[in-house]
Amino acid sequence: MEHIGANIPEKMRFQRWKSSPLATIKGIIAVQRADLSESGNTNTTSERATFTLSGALLGARRAIPLALSVSAVGFAFGVLAHQAKLDVVDAVLMSGLVFAGASQFVALSLWGAMPLPVATIILTTFIVNLRHLLMGASLRPWFSRLPPWKAYISVFFMVDESWALTMGEFAAGGRDAAFLLGSGMILFIAWVSSTVIGQTIGAFINNPAQWGLDFAFTAVFTALLVGMWKGKSNILPWAVAAVVAVAAAHWLPGKWYIILGGAAGSLVGALSDAK
Amino acid sequence: MQNETLTLIAIMGMALVTYATRAGGFWLMSLVTPSPRVEAWLKQIPGAVLVAIIAPTVLASSLAETLAALATVLVAIRTKNVLIAMVVGVATVWVLRRV
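Protein chains in written order, with this note's numbering: chain A, 1 to 275; chain B, 1 to 99.
Read the hints as simulated data drawn from the structure, not as lab findings. Fair warning: there could be bad hints in the mix.
[What the hints assert, rightly or not] EDC-like cross-link-like pairs, simulated, lysine to aspartate or glutamate; straight-line CA separation at most 20 angstroms:
1. A/Lys85 - B/Glu4
2. A/Lys85 - A/Asp214
3. A/Lys230 - B/Glu39
4. A/Lys150 - A/Asp214
5. A/Lys232 - A/Asp273
[As the list claims (entries may be wrong)] Restraint ranges, calculated between C-beta atoms of paired labels, are given here:
6. B/Asn3 - A/Gly231: 42 to 52 angstroms
7. B/Leu16 - A/Ala113: 16 to 26 angstroms
8. B/Arg37 - A/His250: 23 to 33 angstroms
9. B/Thr79 - A/Pro147: 14 to 24 angstroms
10. A/Pro148 - B/Val95: 48 to 58 angstroms
11. B/Val87 - A/Pro65: 15 to 25 angstroms
12. A/Ala172 - B/Ser61: 44 to 54 angstroms
[Unchecked claim] Incomplete in silico selection of chain B near chain A, CB under 8 angstroms:
13. Asn3
14. Leu6
15. Ile11
16. Gly25
17. Phe26
18. Trp41
19. Lys43
20. Pro46
21. Val51
22. Ala52
23. Thr66
24. Val90
No experiment lies behind these values; they were computed from the predicted model shown. Think of the CB as a built atom: it goes at the ideal place given N, C-alpha and C, for glycine as much as any other residue.
So that you can see chain A by itself, here it is in the shape it has in the complex (with noise of 0.2 angstroms):
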């Protein structure tokens, strides 16, 4: 759910707009950016914002639509931790404590070794996540008045598809704070909700293996990766992350594949944008 930096709103791209709003919503970001960069800390824009009821009710609606590409999502997970053993007390745990959709497909898909690898799992989530770095700095702006208590309850809220959601009501003009916690609460209770769903209809399916449902994590990746695609600039990171992750997972033991090859794409993908 994560989502990502001005970078992959997973689900979002399961929206069906056509002409999606997040390219603007970049641009206003770089802007945003720049204004503080000038000015330092002290933005006109945070002196209006304010934090309602009513901003986060407005939040909630128009992340109605969302939520439930959300679910769809939410169930595959839930279907694919039964798979992973995980019980449905574990499964809710993870999605109603993490809320981070790709870091907790990647989890389940290390879950199987025994014992379990623990800092693997926990190194790797983190690096999944590391994206929500730059979506909590780009909210510095709106919540920089504000008690700092709102922001850090907020920003557990913030996934792909509610920050994607806050920044496009903030650029039509809007000023309240408490949008990004409805809408984030609406994802969440979604994505709990479905996750209870999805972990209980996976109890009837048995023996995965047979019905090429251990496939099934790949294909939740390979269709995620789809809605990442931005182009042409994507083809050396990704090539690169590809050729070490099979060069690595040969070679290496264990799960390392997933971090060397993880961390050789993204580098190179880092160095050949700069230019």
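Fit chain B to the known structure of chain A by using the hints.
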């Protein structure tokens, strides 16, 4: 240690580091502004990590997985729906493993 305990530790750890990434960016912005190069790197991470996860299965297992991944891509492009793409991918691999 019991696996149930390890499971709880893993989930709590995931929750902790994930919240740290959510709050961290907001907090850091009060101290510094990230350089364009760091920003570019952060944006590249999720895609590269997902590619790394699927590459050994898609490229280095068998033809069934490679073709099923291709089918998944085509359906995802057409429908923009993860769930449908997943079902088609799984069905494709199921059929191809049988022929």
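A quick look at each hint next to the structure:
| no. | hint | in the structure |
| --- | --- | --- |
| 1 | A/Lys85 - B/Glu4 | holds (11 angstroms) |
| 2 | A/Lys85 - A/Asp214 | holds (13 angstroms) |
| 3 | A/Lys230 - B/Glu39 | holds (16 angstroms) |
| 4 | A/Lys150 - A/Asp214 | violated (42 angstroms) |
| 5 | A/Lys232 - A/Asp273 | holds (11 angstroms) |
| 6 | B/Asn3 - A/Gly231: 42 to 52 angstroms | holds (44 angstroms) |
| 7 | B/Leu16 - A/Ala113: 16 to 26 angstroms | holds (21 angstroms) |
| 8 | B/Arg37 - A/His250: 23 to 33 angstroms | holds (31 angstroms) |
| 9 | B/Thr79 - A/Pro147: 14 to 24 angstroms | violated (44 angstroms) |
| 10 | A/Pro148 - B/Val95: 48 to 58 angstroms | holds (55 angstroms) |
| 11 | B/Val87 - A/Pro65: 15 to 25 angstroms | holds (22 angstroms) |
| 12 | A/Ala172 - B/Ser61: 44 to 54 angstroms | holds (47 angstroms) |
| 13 | Asn3 | holds (6 angstroms) |
| 14 | Leu6 | holds (4 angstroms) |
| 15 | Ile11 | holds (5 angstroms) |
| 16 | Gly25 | holds (3 angstroms) |
| 17 | Phe26 | holds (4 angstroms) |
| 18 | Trp41 | holds (4 angstroms) |
| 19 | Lys43 | holds (4 angstroms) |
| 20 | Pro46 | holds (5 angstroms) |
| 21 | Val51 | holds (4 angstroms) |
| 22 | Ala52 | holds (3 angstroms) |
| 23 | Thr66 | violated (11 angstroms) |
| 24 | Val90 | holds (5 angstroms) |
Hints 4, 9 and 23 from the list above are not met by this structure, while the remaining hints are.
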